[in-house]
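Number of protein chains: 2
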Amino acid sequence: MDDVRKYLQSQREQFEADLFELLRIPSVSADPAFAGDVQRGAAWLADHLRSFGLPAEVIPTAGHPLVYAETPPVPGAPVALVYGHYDVQPPDPLDEWTSPAFEPTVRDGNVYARGATDDKGQMLTHVNSVQAWLETVGKLPLQVKLLIEGEEEVGSEHLEAFLAENKDKLACDCVVVSDTAQFAPGVPAITYGLRGITYFELKLTGPSQDLHSGVFGGSVANPAIALAKMLAGLIDADGRVTIPGFYDDVAPLTDAERAEFAALPFDEPKFAQQLGVDALDGEAGFTTLERRWARPTFDVNGLTSGYQGEGAKTVLPARASAKFSFRLVPNQDPAKIAAGLKQRLAELLPAGIKMDLREFHGAPGVVMPLDSPYLQAAARAIETGFDRRPVFIREGGSIPIVNTFAEALDADVLLLGWGQNDDNPHSPNEKFSLADFHRGIAASAALWHELAAIDN
Amino acid sequence: MDDVRKYLQSQREQFEADLFELLRIPSVSADPAFAGDVQRGAAWLADHLRSFGLPAEVIPTAGHPLVYAETPPVPGAPVALVYGHYDVQPPDPLDEWTSPAFEPTVRDGNVYARGATDDKGQMLTHVNSVQAWLETVGKLPLQVKLLIEGEEEVGSEHLEAFLAENKDKLACDCVVVSDTAQFAPGVPAITYGLRGITYFELKLTGPSQDLHSGVFGGSVANPAIALAKMLAGLIDADGRVTIPGFYDDVAPLTDAERAEFAALPFDEPKFAQQLGVDALDGEAGFTTLERRWARPTFDVNGLTSGYQGEGAKTVLPARASAKFSFRLVPNQDPAKIAAGLKQRLAELLPAGIKMDLREFHGAPGVVMPLDSPYLQAAARAIETGFDRRPVFIREGGSIPIVNTFAEALDADVLLLGWGQNDDNPHSPNEKFSLADFHRGIAASAALWHELAAIDN
Numbered sequence: 001m002d003d004v005r006k007y008l009q010s011q012r013e014q015f016e017a018d019l020f021e022l023l024r025i026p027s028v029s030a031d032p033a034f035a036g037d038v039q040r041g042a043a044w045l046a047d048h049l050r051s052f053g054l055p056a057e058v059i060p061t062a063g064h065p066l067v068y069a070e071t072p073p074v075p076g077a078p079v080a081l082v083y084g085h086y087d088v089q090p091p092d093p094l095d096e097w098t099s100p101a102f103e104p105t106v107r108d109g110n111v112y113a114r115g116a117t118d119d120k121g122q123m124l125t126h127v128n129s130v131q132a133w134l135e136t137v138g139k140l141p142l143q144v145k146l147l148i149e150g151e152e153e154v155g156s157e158h159l160e161a162f163l164a165e166n167k168d169k170l171a172c173d174c175v176v177v178s179d180t181a182q183f184a185p186g187v188p189a190i191t192y193g194l195r196g197i198t199y200f201e202l203k204l205t206g207p208s209q210d211l212h213s214g215v216f217g218g219s220v221a222n223p224a225i226a227l228a229k230m231l232a233g234l235i236d237a238d239g240r241v242t243i244p245g246f247y248d249d250v251a252p253l254t255d256a257e258r259a260e261f262a263a264l265p266f267d268e269p270k271f272a273q274q275l276g277v278d279a280l281d282g283e284a285g286f287t288t289l290e291r292r293w294a295r296p297t298f299d300v301n302g303l304t305s306g307y308q309g310e311g312a313k314t315v316l317p318a319r320a321s322a323k324f325s326f327r328l329v330p331n332q333d334p335a336k337i338a339a340g341l342k343q344r345l346a347e348l349l350p351a352g353i354k355m356d357l358r359e360f361h362g363a364p365g366v367v368m369p370l371d372s373p374y375l376q377a378a379a380r381a382i383e384t385g386f387d388r389r390p391v392f393i394r395e396g397g398s399i400p401i402v403n404t405f406a407e408a409l410d411a412d413v414l415l416l417g418w419g420q421n422d423d424n425p426h427s428p429n430e431k432f433s434l435a436d437f438h439r440g441i442a443a444s445a446a447l448w449h450e451l452a453a454i455d456n
Numbered sequence: 457m458d459d460v461r462k463y464l465q466s467q468r469e470q471f472e473a474d475l476f477e478l479l480r481i482p483s484v485s486a487d488p489a490f491a492g493d494v495q496r497g498a499a500w501l502a503d504h505l506r507s508f509g510l511p512a513e514v515i516p517t518a519g520h521p522l523v524y525a526e527t528p529p530v531p532g533a534p535v536a537l538v539y540g541h542y543d544v545q546p547p548d549p550l551d552e553w554t555s556p557a558f559e560p561t562v563r564d565g566n567v568y569a570r571g572a573t574d575d576k577g578q579m580l581t582h583v584n585s586v587q588a589w590l591e592t593v594g595k596l597p598l599q600v601k602l603l604i605e606g607e608e609e610v611g612s613e614h615l616e617a618f619l620a621e622n623k624d625k626l627a628c629d630c631v632v633v634s635d636t637a638q639f640a641p642g643v644p645a646i647t648y649g650l651r652g653i654t655y656f657e658l659k660l661t662g663p664s665q666d667l668h669s670g671v672f673g674g675s676v677a678n679p680a681i682a683l684a685k686m687l688a689g690l691i692d693a694d695g696r697v698t699i700p701g702f703y704d705d706v707a708p709l710t711d712a713e714r715a716e717f718a719a720l721p722f723d724e725p726k727f728a729q730q731l732g733v734d735a736l737d738g739e740a741g742f743t744t745l746e747r748r749w750a751r752p753t754f755d756v757n758g759l760t761s762g763y764q765g766e767g768a769k770t771v772l773p774a775r776a777s778a779k780f781s782f783r784l785v786p787n788q789d790p791a792k793i794a795a796g797l798k799q800r801l802a803e804l805l806p807a808g809i810k811m812d813l814r815e816f817h818g819a820p821g822v823v824m825p826l827d828s829p830y831l832q833a834a835a836r837a838i839e840t841g842f843d844r845r846p847v848f849i850r851e852g853g854s855i856p857i858v859n860t861f862a863e864a865l866d867a868d869v870l871l872l873g874w875g876q877n878d879d880n881p882h883s884p885n886e887k888f889s890l891a892d893f894h895r896g897i898a899a900s901a902a903l904w905h906e907l908a909a910i911d912n
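Chains A and B, in that order, give the protein sequences.
Quick note: the first sequence uses our numbering, first residue 1, plus one each step.
Quick note: the second sequence uses our numbering, first residue 457, plus one each step.
No lab work stands behind these hints: they were computed from the structure.
Just so we're clear, the structure is a prediction, and the values are computed from it rather than from any experiment.
The beta-carbon is built from N, C-alpha and C at its ideal position, and this holds for glycine as well.
You may find that some hints are simply not true.
Under the rule of at most 25 Å between Cα atoms (straight-line distance), these lysine-lysine pairs were calculated in the PhoX-like manner [unchecked claim]:
#1 B/K792 to B/K810
#2 B/K659 to A/K203
#3 B/K659 to B/K462
#4 B/K726 to A/K354
#5 B/K623 to B/K601
#6 A/K270 to B/K726
#7 A/K336 to A/K354
#8 B/K462 to B/K595
Which stretches of chain A does chain B cover? Using the computed rule of at least three CB atoms under 8 Å from a CB of chain B, they are [said to hold, decoys possible]:
#9 27-39
#10 88-96
#11 218-227
#12 282-289
#13 294-308
#14 424-437
Just chain A, same shape as in the assembly (with noise of 0.2 Å):
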């Protein structure tokens, strides 16, 4: 392990370069005008792991690419199976980047672009840390396997059906994900839970066209009325979801885990302060952790309708239409919420507005077990990277092919965060802290030693 501290040491201005250069690939997966960015981010990552020697497979799909490769099995050692993606989210509203989005900036020790956090550079240290042992050791003391996709931040509608159909190429003792935050900058963290989602988008049509509101106004239904009055309907003065069963199966939080959330160092004003509310707001009878953590919601995440331009026009839209989800905890059934919710919605619809629901990528929660080998020795790896015991936490948002990976490959999943929870990483400004960066690499490769110790 000492010649791989030291390599790491050695190539931290490198590993930067790497990693701005992937971040300057705009691989934005929601978006089909992006799509050849997106090969390019693919191509970009498997040409990076051949350079080191590592054979890279770039696996197409009917959607985008998979970024695949392996090192040699090692009898008697479990295997870890390193799950990441290289797609980012769009990076609207473009004009609130303080630097470009595309353009890797580094200010305050942290690297300003989308991507940096959410998944390029947590992803690239399981790549870097391999580097290193295959550069210093010349080997793994276990086989890594490394599934690299682009479309998690679409669903990642096609990487189910090839963990399916490469179950033996794939088999493994234990994934490792680093795309979750620590608990607090000097407070490392494994997160042993995460939320589900189910989303959703609505669109309503009133009129065959646009009117004027005049004209018409009062005597025909305004879908973008209709819509607000069905979103409104859809959640009560305590800030709690009206469909139908919609918290019936919903896994109540221990006793226990409600006291370690409130040991937590959290400050609620401080963090309603840094989100610049004057107030936080929620479910009631729940803390703030609780309700990012381990309560169901219901966020819009867009809303469309009418005249949007500058300036005043009388017209009563042929049509409205919101995007929306609903984050989910064990053990809620994307399914059985997205029944509920036509119910709802038939209920809520007002005469003279026709409906279209369309459902996108669902996913259910999930929660690990606390007292697996695997998470142990993650926390002695952590330990080593970043001289301090992780805390055990959940986390509220999603990462859909989780509950994928332990149904498909029967193992366990290690959520190994680098990240901080002020990284923006749905928002203008997205960073990731460099310092972490290099703790992460260097957690990550003793991740390898802690892993290959165990009696498999």
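Could you slot chain B onto chain A? The hints should help.
Just chain B now, with coordinates in the frame of chain A:
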């Protein structure tokens, strides 16, 4: 009048060519990008008036210019002032136009273009009738003043000051405005009542920037949900506006008016079918004509928030905004409504959200005296031009400056609409019947004769 009639007959093609030329100028007053085209519209109109010997002025304002011209005074005869506008609504959404918005195209006897009916085509009927008198009789039997503005679609911001400062120049006995519709094809109408309007934009701000809906969802108020709840909270299940005092000053319909409206040939199921809706909707307790003409309304004109592009983005948006408006009836006061709105929105504003309310143009509703000799003269002129006596109706739209004219110049306002209700004045595929265009010119030519015969 015979020579005038013959002249009108001979000039049909030329009048259409002139109209198409004006329609090709995209004089969109709401959008600063079109400011040069608005100027061009004014210049075209002034040049056109000069082409048949009428000295015309382009009068600059702090916004878009006015065009003014007048025929010589006729002692003993009344003075008529024609008001119209050469500016047009924005053409969005552009992809719903069958032929381009600013390329006038004739189909089935209608000319399709933005501004065809509102108000370039209707306004030009009076320009053409003045031309006909001048080119045949050599003079008009009364003085006609033409005041054509470029800011009607943005609230006529600078007209009021101009009227106040030019009362002598504009002094008249009646104001003639053709910016409304006939009751139906073949059923010409004089509009004796108009609704007013008050228009707002509400901007809500939650967190200081867009957030990841997984990491933060459920712990902070979502501005798009807040907007939905606030808009939904402005109108109740009976379609009644919940602003305090909103209905206090509403002039109720008389039994005679309700009977008159009920007697008009109006088919509610056919109307619903024309609009493409399977049910009509509006304030409980009123017929569709009553709702459109004589009851106040609430309409959302536009919604904007979060991610509106392709695919799904899991964002908790920092901002959400709506453009919305109320149609007002006599004797509601826009200022009082605005004050009540602010009070109601303050009640509806959730914790953690800041609001900013912008007030656009407003105008009260108006009703004209049915026994005015000018109105009766207009009815005779319409009978000449359209071969049928007009019905007396109201109109749901606003011509905000009608009130201003009535007050500033102490004159009756004659609303002589040559359009049809399906002309799509603020929608894609705006049109104007060329037959009605020529009937309007004939009626206008007769109007100068009928008005001159009034015992002044």
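Verification of the hints:
Only pairs whose Cα atoms come within 25 Å are accepted, and B/K792 paired with B/K810 is accepted, the gap being roughly 23 Å. Simply put, B/K659 and A/K203 have alpha-carbon atoms about 22 Å apart, close enough for the 25 Å limit, and the pair holds. Restraint check for B/K659 and B/K462: the C-alpha separation of about 57 Å exceeds 25 Å, so the hint is violated. Of the supplied pair hints, the one linking B/K726 and A/K354 holds, its CA atoms being roughly 19 Å apart against a limit of 25 Å.
Restraint check: the Cα-Cα separation between B/K623 and B/K601 comes to about 13 Å, which is no more than 25 Å; the hinted pair holds. Simply put, A/K270 and B/K726 have alpha-carbon atoms about 60 Å apart, too far for the 25 Å limit, and the pair is violated. Our distance criterion of 25 Å between C-alpha atoms is met by A/K336 and A/K354, whose separation comes to about 23 Å. Between the alpha carbons of B/K462 and B/K595 the distance comes to roughly 16 Å, so the proposed pair stays at or under 25 Å and holds.
With a threshold of 8 Å between beta carbons, the proposed coverage of the region 27-39 of chain A by chain B holds, since 3 of its residues qualify and at least three are required. For the region 88-96 of chain A, the assignment as covered by chain B holds, since 5 residues bring a beta-carbon within under 8 Å of that chain's beta-carbons and 3 suffice. Counting residues of the region 218-227 of chain A whose beta carbon lies closer than 8 Å to any beta carbon of chain B gives 8, which reaches the threshold of three, so the coverage claim holds. With 3 residues bearing a CB less than 8 Å from a CB of chain B, the region 282-289 of chain A meets the requirement of three and the coverage assertion stands.
Counting residues of the region 294-308 of chain A whose C-beta sits closer than 8 Å to any C-beta of chain B gives 14, which meets the bar of three, so the coverage hint holds. Beta-carbon proximity to chain B at under 8 Å applies to 6 residues in the region 424-437 of chain A; the threshold of 3 is reached and the given coverage holds.
In this structure, the earlier hints numbered 3 and 6 are contradicted, and the remaining ones agree with it.
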